[in-house]
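If you read the sequences in order, they're chains A and B.
Per the numbering used here, residue 1 is the first one in the first sequence, and the count goes up by one each step.
Per the numbering used here, residue 115 is the first one in the second sequence, and the count goes up by one each step.
Don't read these hints as lab results, they were simulated from the structure.
Some hints here could point you the wrong way.
Under the rule of at most 27 Å between Cα atoms (straight-line distance), these lysine-lysine pairs were calculated in the BS3-like manner [said to hold, decoys possible]:
(1) B/K117 with A/K9
(2) A/K52 with A/K9
(3) B/K117 with A/K40
(4) B/K166 with A/K40
(5) B/K183 with B/K166
(6) A/K40 with A/K71
(7) A/K41 with B/K183
(8) A/K67 with A/K44
(9) A/K67 with B/K183
(10) B/K117 with A/K36
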Amino acid sequence: DTAVSQTPKYLVTQMGNDKSIKCEQNLGHDTMYWYKQDSKKFLKIMFSYNNKELIINETVPNRFSPKSPDKAHLNLHINSLELGDSAVYFCASSSPATGANVLTFGAGSRLTVL
Amino acid sequence: LAKTTQPISMDSYEGQEVNITCSHNNIATNDYITWYQQFPSQGPRFIIQGYKTKVTNEVASLFIPADRKSSTLSLPRVSLSDTAVYYCLVGMDTGRRALTFGSGTRLQVQP
C-alpha cells in the first residue's frame, strides 16, 4: 500500500530522447510536487500542483512539462534530454489537513542520461 | 525564503543522544521549522515540525528558543538505523511556496 508511488524507479536513456515519469498518491492529498535531487544531494523544487492547478514553477526549462490529469496523479514529461538532467526525481504530496510543510515523498526515480 | 545552516556531518555511537542544530537567522514571523530524514535510495521522510518552544513525538524532540533564530533536533538513544541525512527547513505552512531543502546533515552512527 504505497502512499506515493513513482514509475519507473530507474530510467537510462540517450541524450535527445523524450521520457516520462509517473506519480500517483492514494492519500487523498490536494497538492503534489516534483523535486530534483542532483549528485550533490541538493533537493530542489521543480513544480507544485494543487487540485490539478499549477501553483509553483521554479524556473525549470520548458523541456520539462508536468501534467496532472487528476489530483491523485502528477506526471513529469521531459523532452530532448540532456546530460545535466541526470538526477533522482522525487514526487511528493501534502494536504492542508496535515500541514503544507508535511510532505510525503515517493521512493524516487533515478534518471541517467548517456 | 529563510536560509538555513546546519553542520555537514556528525558522528555518534549507538545509544547516545544526538543533537543537530540548525541556524535560520532571517526566519519570518509566519515560518514553521520542519525536519526531514532521508535514507540512501529513499525519499525524505517527515520527522517533526514546530513553531516555538518544544515539540516532542515518538521519534524526536525539537527545541526552538524564544528568538527562533535556531532550532535543535534531538534524537534520543540513536541506533545504527538512524544513519541518514537530516534536513532542516523553514517556511510558511501555506502550500503556495514549496519547502526549500538545504544540504542537510549526514549523521553516521557507529556501533
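Each hint tested on the structure:
no. : hint               : result
1   : B/K117 with A/K9   : 31 Å, violated
2   : A/K52 with A/K9    : 24 Å, holds
3   : B/K117 with A/K40  : 18 Å, holds
4   : B/K166 with A/K40  : 31 Å, violated
5   : B/K183 with B/K166 : 10 Å, holds
6   : A/K40 with A/K71   : 31 Å, violated
7   : A/K41 with B/K183  : 25 Å, holds
8   : A/K67 with A/K44   : 19 Å, holds
9   : A/K67 with B/K183  : 38 Å, violated
10  : B/K117 with A/K36  : 19 Å, holds
Going down the numbered hints, you'll see the structure goes against 1, 4, 6 and 9, while the others check out.
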